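Peer 1: Here is what each chain is made of, one letter per residue.
2 protein chains.
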Amino acid sequence: MAVSKKDEFTSEEVWLADVAKSLSHPARIKILKMLTEMNSCMVGSLVDKLPLAQATVSQHLKELKRVGLIEGEIDGPKVCYCVNNKELAKAKSALDKLFNKIGCC
Amino acid sequence: MAVSKKDEFTSEEVWLADVAKSLSHPARIKILKMLTEMNSCMVGSLVDKLPLAQATVSQHLKELKRVGLIEGEIDGPKVCYCVNNKELAKAKSALDKLFNKIGCC
DNA sequence: TAAATTCATCGTATATTTACGATGAACGAT
DNA sequence: ATCGTTCATCGTAAATATACGATGAATTTA
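Sequence lines, in order, name chains A and B.
Anchor point for the first sequence: position 39 equals 39 in this note's numbering, and the numbering is continuous, going up by one each time.
Offset between the second sequence (1-based) and this note's numbering: plus 1000.
Read the hints as simulated data drawn from the structure, not as lab findings.
All of these numbers come straight from a predicted model, not from anything done at the bench.
Wrong hints could be hidden among the right ones.
Now the stretches of chain B that chain A is said to cover, found in silico as 3 or more residues with beta-carbon under 8 Å [said to hold, decoys possible]:
hint	region
1	1008-1021
2	1024-1038
3	1091-1098
Pair by pair, the computed Cβ-Cβ distance ranges are [as the list claims (entries may be wrong)]:
hint	chain 1	residue 1	chain 2	residue 2	range
4	B	D1096	A	N39	23 to 29 Å
5	B	K1062	A	N85	33 to 39 Å
6	B	G1044	A	V79	48 to 54 Å
7	A	P77	B	E1037	50 to 56 Å
Every residue gets a Cβ at the ideal spot worked out from N, C-alpha and C, and that includes glycine.
Construct the entire structure; sequences and hints are all you get.
Peer 2: In structure tokens form, the structure reads like this:
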């Protein structure tokens, strides 16, 4: 974008937009589901089940980690990713609040 | 992106990601709130209260309209925008479903 | 009809996102 | 110590997103 104007909005709006951004790619939505469903959560397992290269999956994981929706724990040469229930609940609650606020035009 | 891989995901995942994308900018979140709060919903009124140029606001409205979260009704030389409660409810429900599905790692 | 208002769209510049192969770091196994 | 595995990061290419001024279409008003 030319120059970001995000400073001009409330931090709540910026944060919620950021959470939404982290959910704005089908691969990341699928990853969140997979981390819940799979017993194993090694990156390799995710790569096997996604139509994306390892580097790309790693990038998506980084984005989810950036906003705190997942956490990674190093386990030898592997990394075990896990959803962050606390942050997830916070996001759910904020989205609920937004959707309850809007929609009575 | 190089070449989109979105075809490789379910249409539900793609749609939900698309809804999230439409919420992924603070201006669009603010617009949804404003359309709910304001009695008037003319584009000019939105532009007055946003730190963005008219052309930019129009682009954000287009994005919200694209996914169906708002609708615009022509009223003379003006356009009255309005949240689409039906689509909003659908989005809320789908996000609820997602958040209930994930998060028990 | 002419002028003013309202808004979408075009053109454009810059930033960010998405995707991949290649490389490198960390670790376990041999 | 060397090798293979696992994953993050770098570099890069192409697509999208964000922002704005300028322009144009539609409509109302003078």
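Peer 1: A separate judgement is required for each hint: does it hold in the structure or not?
Peer 2: Hints, one by one, checked against the model:
no.	hint	in the structure
1	1008-1021	holds (count 10)
2	1024-1038	holds (count 11)
3	1091-1098	holds (count 5)
4	D1096/B - N39/A: 23 to 29 Å	25 Å, holds
5	K1062/B - N85/A: 33 to 39 Å	36 Å, holds
6	G1044/B - V79/A: 48 to 54 Å	51 Å, holds
7	P77/A - E1037/B: 50 to 56 Å	53 Å, holds
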